[in-house]
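Engineer: Modelling step: build the complete structure from the supplied sequences, incorporating the hints.
All you need for our numbering is the position in the sequence shown, starting with 1, plus 679.
FYI, nobody ran anything at the bench for these hints, they're computed from the structure. Treat the hints with care, as some may be off.
[Stated by the list, open to error] Pairwise CB distance ranges, derived in the manner of DEER restraints:
id, residue 1, residue 2, range
1, Pro-906, Ala-1269, 24 to 32 Å
2, Leu-952, Ala-904, 18 to 26 Å
3, Val-1194, Gly-1243, 25 to 33 Å
4, Trp-1059, Phe-922, 26 to 34 Å
5, Leu-1255, Leu-1228, 15 to 23 Å
6, Asp-916, Ala-1206, 17 to 25 Å
7, Gln-1165, Gln-735, 56 to 64 Å
8, Ala-722, Gln-842, 20 to 28 Å
[What the hints assert, rightly or not] Result set (DSSO-like, lysine-lysine): computed pairs, CA atoms no more than 30 Å apart in a straight line:
id, residue 1, residue 2
9, Lys-947, Lys-897
10, Lys-897, Lys-1052
11, Lys-1052, Lys-1233
12, Lys-897, Lys-951
13, Lys-803, Lys-897
For every residue, glycine included, the Cβ atom is placed at its ideal position computed from N, Cα and C.
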Amino acid sequence: MSAPIACGQQLIAPAAVQLDGVFGQMLDANRSGRLSHFIVDEASPSISIFGQAHKQQNQEGDWYGEHAGKWLSATARAVAQGGQPELEANLRRVADWLISQQDADGYLGNYAADRRFTVPQPPKPESWNGEPALRTWDIWTHSYLILGFLETWRALGDDRYLQAARDIADLCWQALESGIDITTLGNHHGMSATVLLDPTADLYLVTGEPRYLALAEKILQQANANPRLALLDKGLDGEDAAFIATGKAYQLSWNLVGLAKLYKATGKADYKLAIDNLWNNIREQHLTLGGGPWGGVAHRSREVFNAPRTFFPQAYVETCSVLAWMQLNRELLAITGHARYADELERTAYNDLLAAMAPNGEDWCYYTFPNGKRVHTTYWRCCKSSGAMAVEELPQIAYGATADGGLRVNLYGPGQATLPHADAGNVVLQQQTRYPFNGQVSLRVSPERSATFGIGLRIPAWAEDARIQVNGVNVPVQVGADGYVQLQRQWQSGDLVSVQLPMQPQLQRAANINVQESRAPDGSPVAQEVLHWDYVGLTYGPLVYATTLIDGFKTDETVKLPAGDPSNWLQVGEDLGEGATVTMQLDCRAPLVFEPYYRCGGREHGAWRLSWLSLAPQA
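Structural biologist: Structure below.
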């Protein structure tokens, strides 16, 4: 019989964490930019569309309603960290007004009555993206509203917000119980509606109400029964993410977040196996060097995963998919407690998330490209709100705690956390470091009372020959089964842990390969490679590096790398505050200068970034 699982790591309340350095700058910009400007009250355009006068005549079938729930979620997280009185006032005003517009049956969308998800839709011929008969994002909008009200309830403690979320879920339950198939309510063969799995499972975890667990299970059953989607069966069979429904990266990743929460609620092994299979597939086949899901090669949608072994430096990373990928890794970090998920969170946050964000916290890129121009998107686009949500994920995942009283350092960067411990009282962990630009981290441990407990330190996958000292004494760097180095000792206030993560420029290789596969008349397999392009990229510590337009005007360059140890022709320059440059000395042309991808060419609209260079064919 299935039962809720015991999570491997408890995530930390935002109020207990202070992030400085790069992450702190991201949070400050997010709160003074997007969260303070885009929505302030009921007259904000993305909120006023929920007014009764508008929604009664709205026949558009648009997705713009998502911004309300996204803003509630991100702003509530910011408010929960404290020190945001203006945002808190705006949050209360907007949430209260939205509740005032909620219908008696729980409906809180922005569609006219005949367009709502509660109305059965006639069948239509199948389209390439599985769009329903009437284009609708109604369930999608309500999914974000449930999440937004849950975060607002967590931040402000007013049960009216929890009740608003419950009322929406109850209406969804009634709709599906009436015989409506949820996969008929969203495009991408239903994936844009089955995302309801996430907030529904979350609501069950909060309330323990069996009806919400039944609703989550029903959503999964209907998602699995749709042959194009077949979410659980295809996950269990090891199907590539590109071939589940349309392979839409954002929607598929968000569905997996919901499946992860349903696994937390039930402990059903098949759920975890399907998630693991798809996580590994996405991790190995479908991420950029900067950690974002990408795709869009030779497909009608720019936002779907590419076919396996398809590599193209100009492919698309949608910032919305970065959010969903980070949320999936957040859930798996909590479920398993394993450092591999913190590795992915750090990689994505310091690279593809940061690379999409402008310093003002208001402007965002809809798409980023490993090789391409930085383009800040327009006012209404989804990715600006998704980026703002993703930034607010950072405080709760930076540190963690385990059921046995152990503490975890998941993300490196200046700042501190205050973590409760049964024997030690409040334990302050304070990081002093220039990470991600430098690999030296000083961690001061200050428990209220001397006590014995473990502190787990993550050693990033890129770090070789890491060293750790406690109060100046070397300790063995032995990575445990959970991916952390465990420091188990009696801690005294002021104990100092020194972590050295040596950083060296590292070359990264990738290839776009096409192999023609068939069978000979005798049935034996035949395979012939018909396309092969090799590429080289550069990383330095946790950061992806890039160069600007080659020679000031070229968008591409084919290079022949020198023989011998790369340290002889990769030269690290002076760090003037935001990371050292790396110069690549080449025999075939003038040197190329690389800098961190997120700031390459300046963090301004129109800046070019090239993180992959084509390699000359082997003679």
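Engineer: Each hint should be assessed against the structure and marked as holding or not.
Structural biologist: Verification of the supplied hints:
1. At about 56 Å, the beta-carbon gap between Pro-906 and Ala-1269 misses the expected band of 24 to 32 Å.
2. For the pair Leu-952 and Ala-904, the supplied restraint of 18 to 26 Å holds, since their beta-carbon distance comes to about 19 Å.
3. Distance hint check for Val-1194 and Gly-1243: the Cβ-Cβ separation is about 32 Å, which falls inside the suggested range of 25 to 33 Å.
4. Here the CB-CB span from Trp-1059 to Phe-922 is close to 31 Å, well matched to the stated 26 to 34 Å.
5. In this structure the hint that Leu-1255 and Leu-1228 lie 15 to 23 Å apart at CB holds, the actual value being about 22 Å.
6. Separated by about 23 Å at the C-beta atoms, Asp-916 and Ala-1206 satisfy the suggested range of 17 to 25 Å.
7. Gln-1165 and Gln-735 have their C-beta atoms about 60 Å apart, which keeps the hinted 56 to 64 Å range intact.
8. For Ala-722 and Gln-842, the Cβ-Cβ distance of about 25 Å falls inside the hinted range of 20 to 28 Å, so the restraint holds.
9. Between Lys-947 and Lys-897 the CA atoms are separated by roughly 15 Å; this keeps the pair inside 30 Å, and the hint holds.
10. For the hint linking Lys-897 to Lys-1052, the alpha-carbon distance of about 43 Å lies beyond 30 Å, and the restraint is violated.
11. Pair hint Lys-1052 plus Lys-1233 holds up; C-alpha atoms about 12 Å apart against a cutoff of 30 Å.
12. The hinted pair formed by Lys-897 and Lys-951 meets the criterion: a straight-line CA distance of about 18 Å does not exceed 30 Å.
13. This hinted pair checks out: Lys-803 and Lys-897 have alpha carbons roughly 23 Å apart, not beyond 30 Å.
When held up to the earlier numbered hints, the structure conflicts with 1, 10 and fits the remainder.
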